[in-house]
Structures are given as C-alpha cells and as structure tokens.
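Enquirer: Chain by chain, the residues:
2 protein chains.
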Amino acid sequence: MVDILHRVGVKDATPENVYEALTTVDGLAGWWTTDTSEHDGVLRFRFPPIGGFDMEVLETRPAERVTWKVVDGPEEWIGTTVDWQLRREGEYTVILFGHRGWKEPVEFMNHCSTKWATFLLSLKSLVENGKGSPAPDDVRVGDWH
Amino acid sequence: MVDILHRVGVKDATPENVYEALTTVDGLAGWWTTDTSEHDGVLRFRFPPIGGFDMEVLETRPAERVTWKVVDGPEEWIGTTVDWQLRREGEYTVILFGHRGWKEPVEFMNHCSTKWATFLLSLKSLVENGKGSPAPDDVRVGDWH
Numbered sequence: 001m002v003d004i005l006h007r008v009g010v011k012d013a014t015p016e017n018v019y020e021a022l023t024t025v026d027g028l029a030g031w032w033t034t035d036t037s038e039h040d041g042v043l044r045f046r047f048p049p050i051g052g053f054d055m056e057v058l059e060t061r062p063a064e065r066v067t068w069k070v071v072d073g074p075e076e077w078i079g080t081t082v083d084w085q086l087r088r089e090g091e092y093t094v095i096l097f098g099h100r101g102w103k104e105p106v107e108f109m110n111h112c113s114t115k116w117a118t119f120l121l122s123l124k125s126l127v128e129n130g131k132g133s134p135a136p137d138d139v140r141v142g143d144w145h
Numbered sequence: 001m002v003d004i005l006h007r008v009g010v011k012d013a014t015p016e017n018v019y020e021a022l023t024t025v026d027g028l029a030g031w032w033t034t035d036t037s038e039h040d041g042v043l044r045f046r047f048p049p050i051g052g053f054d055m056e057v058l059e060t061r062p063a064e065r066v067t068w069k070v071v072d073g074p075e076e077w078i079g080t081t082v083d084w085q086l087r088r089e090g091e092y093t094v095i096l097f098g099h100r101g102w103k104e105p106v107e108f109m110n111h112c113s114t115k116w117a118t119f120l121l122s123l124k125s126l127v128e129n130g131k132g133s134p135a136p137d138d139v140r141v142g143d144w145h
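First to last, the protein sequences are chains E and R. When we follow the UniProt record's numbering, the leftmost residue of the first sequence carries the number 1, and every step to the right adds one. When we follow the UniProt record's numbering, the leftmost residue of the second sequence carries the number 1, and every step to the right adds one.
Be careful, since some hints might not be right.
[Stated by the list, open to error] Partial selection, computed: residues in chain R whose CB lies under 10 Å from chain E:
1. Leu5
2. Val25
3. Val42
4. Leu43
5. Arg44
6. Arg46
7. Trp77
8. Val94
9. His111
10. Pro136
11. Asp138
12. Gly142
13. Asp143
Keep in mind that the hints were calculated from the coordinates and are not lab data. Backbone N, C-alpha and C define an ideal beta-carbon position, used for all residues, glycine too.
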C-alpha cells in the first residue's frame with residue numbers, strides 16, 4: 001500500500017474556515033469541481049466528460065479531521081481513503097492531507113499526486129481570497145489533464 | 001521506505017529540452033533555485049537563508065533519465081534519491097518524478113511533496129514559456145514556505 005501525502009498552510013484562516021470548505025457542497029465546489037453534489041452521506045464529484053469520484057463520508061470531527069472513502073470512480077481509487085487533518089499553527093491553519101491505500105504506485109498515482117497539490121493550493125486560495133480554481137478551470141499539469 | 005511521486009506533461013517540448021533543464025546549471029537555476037552551482041559532479045542547490053541540498057549525480061541518460069542522490073541537506077533527505085524519467089507522448093514530454101527512500105512519512109515529507117509539485121510546474125513553465133518560478137520567487141504553500 002502506498003500513499004499520496006501533502007501539506008499546505010492556509011494563512012489568516014481558522015480550522016473552522018477550512019473545515020467548512022471540506023464539508024459543504026458550496027465549499028467543495030469552490031476548489032475541487034463545480035459539479036459537486038451530495039446524496040445520503042455520499043459526495044459526488046464530477047469532471048465532465050472524464051468521469052468522477054463518489055466519496056462516502058467516514059468521519060467529520062469539526063475543525064479537526066475529515067475522512068472519506070472512495071466508493072466509486074477509477075478502479076485504482078476504489079477502496080482508498082482520503083483524509084484531512086487540520087490544526088492551528090500561529091497565523092496559519094495547517095492541512096495535512098493523505099490519499100491512502102493505493103495498491104500499487106502506478107503512473108496514474110504520480111498524476112493524481114501532482115493534481116492533488118494543485119487542488120490543495122486551490123483550496124488554500126479559496127479560503128484565503130474567496131477564489132479557488134475548481135474544475136473545469138483547474139490547473140492543467142499535462143496530457144492527462 | 002516511502003516515496004514522493006509526481007507526473008507532469010510538458011507541451012510542445014522534446015525530452016531533450018527537459019533533459020537540458022535537469023542537467024545544466026542554467027536550466028536548474030531557471031526552475032528550482034537561482035542559487036545553483038556544480039562542483040565535481042555534485043549539484044549544490046541553496047535556498048538562503050534556510051539551507052539547501054547537495055545532489056550527487058548518479059545517472060544521466062540523455063533525454064531519458066536523470067538520477068541524483070542526496071549527499072547533504074536536511075537529515076530526512078540524506079541518502080534518498082531523486083529520479084526523473086522522460087518520454088515522448090504525442091505533443092507532450094512526460095516527466096515521471098520520484099523522490100524515493102524516505103525512512104518515515106514524517107510531516108516534512110508532506111510539505112516536500114507539495115513543494116515538489118510546484119517546482120515541477122515551474123520546470124514545465126520554464127520549458128514551455130521560457131520562464132519558471134525558482135526560489136526565491138517560488139510558490140509559497142504554507143508556514144514552512
């Protein structure tokens with residue numbers, strides 16, 4: 001099992017601010033994909049025309065931690081978990097991110113690692129300045145988008 | 001042992017173009033840090049006032065692969081390797097990146113993973129448009145810079 005790990009610090013923000021961007025449809029649509037919805041505790045993120053991800057919300061500890069389990073999407077993603085740990089460090093809220101449980105370090109994992117970094121910076125920008133870069137206006141990192 | 005993995009595609013570029021940005025002092029100074037030098041097969045990357053990294057060049061296979069070994073820098077980095085695999089995919093040159101052999105997935109590894117993504121996008125921009133964002137003008141991702 002291999003993991004994608006990232007860390008960003010959101011300036012002049014509280015863990016509550018970041019938590020809101022991770023647990024509301026409006027918040028999520030502001031940094032990951034505008035095509036976000038929720039049905040019965042499952043978050044649906046779509047990236048037309050490519051496809052998307054369904055995340056079961058496993059854990060929400062206000063202003064501290066969010067954990068999702070991937071229940072639908074690309075084969076390599078299914079069964080993996082995505083977790084977000086939040087804590088205050090001075091004027092920053094630090095986000096520790098993990099996308100864990102990849103069976104193999106396939107090339108698609110390399111791509112997803114780089115894309116996650118751009119989406120974390122989109123989340124940081126959303127909370128800091130009110131404007132993220134969600135799909136379809138996300139940062140293109142290469143031939144796989 | 002745990003690894004940081006990334007993948008970017010550089011548009012309208014040949015593997016030779018990317019290889020040059022990875023194997024010349026001018027190229028490296030254009031996307032990672034302006035304070036780059038080489039002495040006896042060791043690349044010295046400095047990020048004043050924080051410190052830096054010394055990389056022994058283990059392998060250079062023109063337009064295909066570059067491998068470095070970290071011989072000086074932060075304790076967690078020493079002994080790890082950084083490798084770059086290049087290949088053509090249509091109008092893109094794909095870069096597969098690995099920073100391998102971390103002993104533990106410490107929080108500093110999360111930070112370095114996100115920073116590497118920003119430097120890979122800096123490298124992509126340098127080769128595509130002639131302008132990267134090397135330190136000291138690199139993308140700030142949080143309280144750890």
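Enquirer: Next, verify each hint and record whether it holds.
Expert: Against the structure, the hints come out as follows:
no., hint, in the structure
1, Leu5, "holds, 4 Å"
2, Val25, "violated, 25 Å"
3, Val42, "violated, 27 Å"
4, Leu43, "violated, 23 Å"
5, Arg44, "violated, 26 Å"
6, Arg46, "violated, 23 Å"
7, Trp77, "violated, 15 Å"
8, Val94, "holds, 7 Å"
9, His111, "holds, 4 Å"
10, Pro136, "violated, 18 Å"
11, Asp138, "violated, 13 Å"
12, Gly142, "holds, 2 Å"
13, Asp143, "holds, 4 Å"
Hints 2, 3, 4, 5, 6, 7, 10 and 11 from the list above are not met by this structure, while the remaining hints are.
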